[in-house]
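Colleague: Chains as they are written, first to last, in numbering that gives the first Met the number 0: chain A, 0 to 160; chain B, 0 to 418.
Hints were generated in silico from the structure; no laboratory data involved. Heads up, the beta-carbon is just placed ideally off N, CA and C, and yes, glycines get one too. Hints are supplied without guarantee of correctness; some may be wrong.
[What the hints assert, rightly or not] These stretches of chain B come out as covered by chain A in the derived footprint (C-beta under 8 Å, 3 or more residues):
1. 45-58
2. 64-78
3. 129-139
4. 146-159
5. 183-192
6. 379-389
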Amino acid sequence: MKAKGKVFRYQDNVDTDVIIPARHLNTSDPKELASHCMEDIDKDFIKNVKNGDIIVADKNFGCGSSREHAPIAIKASGISCVIATTFARIFYRNAINIGLPIMECEEAVKGTEQGDELEVDFDTGLIRNLTKGTTFNAQPFPEFMQKIIAADGLINYIKTK
Amino acid sequence: MGMTMTQKILAAHTGLENVVPGQLIEADLDLVLGNDITTPVAVTEFTKTGVNKVFDKSKVAIVPDHFTPNKDIKAAEQCKLVREFACKMEVENYFEIGQMGIEHCLIPEKGLAVPGDLIIGADSHTCTYGALGAFSTGVGSTDMAAGMATGKAWFKVPAALKFVLKGKPQGWVSGKDVILHIIGMIGVDGALYKSMEFMGEGLINLSMDDRFTMANMAIEAGAKNGIFMVDERTIEYVKEHSTRSYKVYEPDSDAVYEKEYVIDLSTIRPTVAFPHLPDNTRTIDEVGDVSIDQVVIGSCTNGRMEDLRVTAKILKGKKVKKGIRCIVFPGTQNIYLQAVKEGLVTDIVEAGAVFSTPTCGPCLGGHMGILAKGERAVSTTNRNFVGRMGHVESEVYLASPAVAAASALTGKITDPDDI
């Protein structure tokens, strides 16, 4: 499985309150959530995001609340993958559980700017920056998590057991 | 290799003699918790599993506390969905308005969390029950759904940070100041993926309410969980609130910790986290002149009896400064009632503050105290992210109930010693 798209670049500690502000949590409709995704730190995000695009951020992406609405909003906005130096742990498991691919790779984060074109191979962990002509290797997921992602999320994984 | 408290609880719930950091396990759950924001998503996912009943009706708890009493039509629809699910599944621990409270104040009060338990909750502050020597951690809605269906959840066994507490907090210093101090020291990702294990001779100088506040904010350092060594205070609390049997897990003497911190409680000063991260801390002596518009006292972090007592003690016989809104909200109906009996509500209302029903409302910018553009609040809640309590250009300063109450009287961030 591969993803290819333009990069939206963010800094450290992007929290779930800015990914999807709590004032919009009176719904769980993915499309409606996506329409407010990132609006408190980047009001142009939702105007400019296209299917397949990639979020790249520094440390501790997704810190704060356990709201699964955060990865749901990102996924429904069309984002194909989030690459960060580190993820907050609840966001990490939520993303795995709903089938939003995420990768930890500090080198790729450091070597990527807003608007770069990236290609990501989830099977090998290979990240190519097509704009800069550089490549990076992310740690592939442990087998257990690969199974959950292959089943398109935890619920389907449970059903297959 | 010896195990920490967290590792022992995880091993025991997986049927293993030993677990090591990094190991992926599937563990049995003692309680699965959700609220009115996270449960609707979990219900959708639960339905997809094809399972038509929860794994154990006594081991699921649902507390509509975030946007309740229903703040708008959409919130009402979400609560209705949650209520109907709880009813259909015969969930024994569903707490409706009138019996409810803020989930992390309510669950220990109802005796649903005891030492040695393994608890997941679709709310990040589920880590609160670590105060009781339980392993409890926040998860998302899909994990809640899977937990309700199977009674199990997957975990990566965390490495640990050890916090050895010594000495006794001085003056107005409370658990809130201690945990803000620690988060300021290690950072908002200082405990990422790890457990924070609290122990040491200073523990006895921290009340259960202090410990709940501290465990509650472990997530604000990125931790998987925070856990306290069980002592006589814990046992006394558990016996008072629960009839369930419990198990005390002590760390092995050769347990491995990635880092050890010694915290002298006697040297900690009242501490405030400035916008927009909980680790942006300053002591009260360093805050300078910060004028405010609103004070919020309550939440799963600081909505317990001691918090209300200290608030009333500072406000009693005085007046909230003209132009400042002071909103106090107790954690549960029982706490509310006890505050009435002790006369605290009279002191608080006579001072010109609002005394609300239990709700998470203002903490996450839901309702009951939203900030306008450019406004500032001192709040005893747990997060001060951009836009957390309202407008994206508003500001939240996190502090203890003592600092918050003192600030309500002066209109600026104030050392309670100066009142």
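Colleague: Hint by hint, note whether the structure agrees.
Modeller: Here's how the hints hold up against the structure:
With 3 residues carrying a beta carbon less than 8 Å from a beta carbon of chain A, the segment 45-58 of chain B meets the three-residue requirement, and the given coverage holds. Chain A is given as covering the segment 64-78 of chain B, and this holds because 7 residues of the stretch bring a CB closer than 8 Å to a CB of that chain, at least three being needed. Requiring three or more residues with a Cβ within less than 8 Å of a Cβ of chain A, the coverage given for the segment 129-139 of chain B holds, as 3 such residues are present. Only residues whose beta carbon comes within less than 8 Å of a beta carbon in chain A count, and the segment 146-159 of chain B has 3; three or more means the coverage holds.
Counting residues of the segment 183-192 of chain B whose beta-carbon sits less than 8 Å from any beta-carbon of chain A gives 4, enough to reach three: the coverage restraint holds. Counting residues of the segment 379-389 of chain B whose C-beta sits closer than 8 Å to any C-beta of chain A gives 5, which meets the bar of three, so the coverage hint holds.
In terms of the numbered hints stated before, the structure departs from none.
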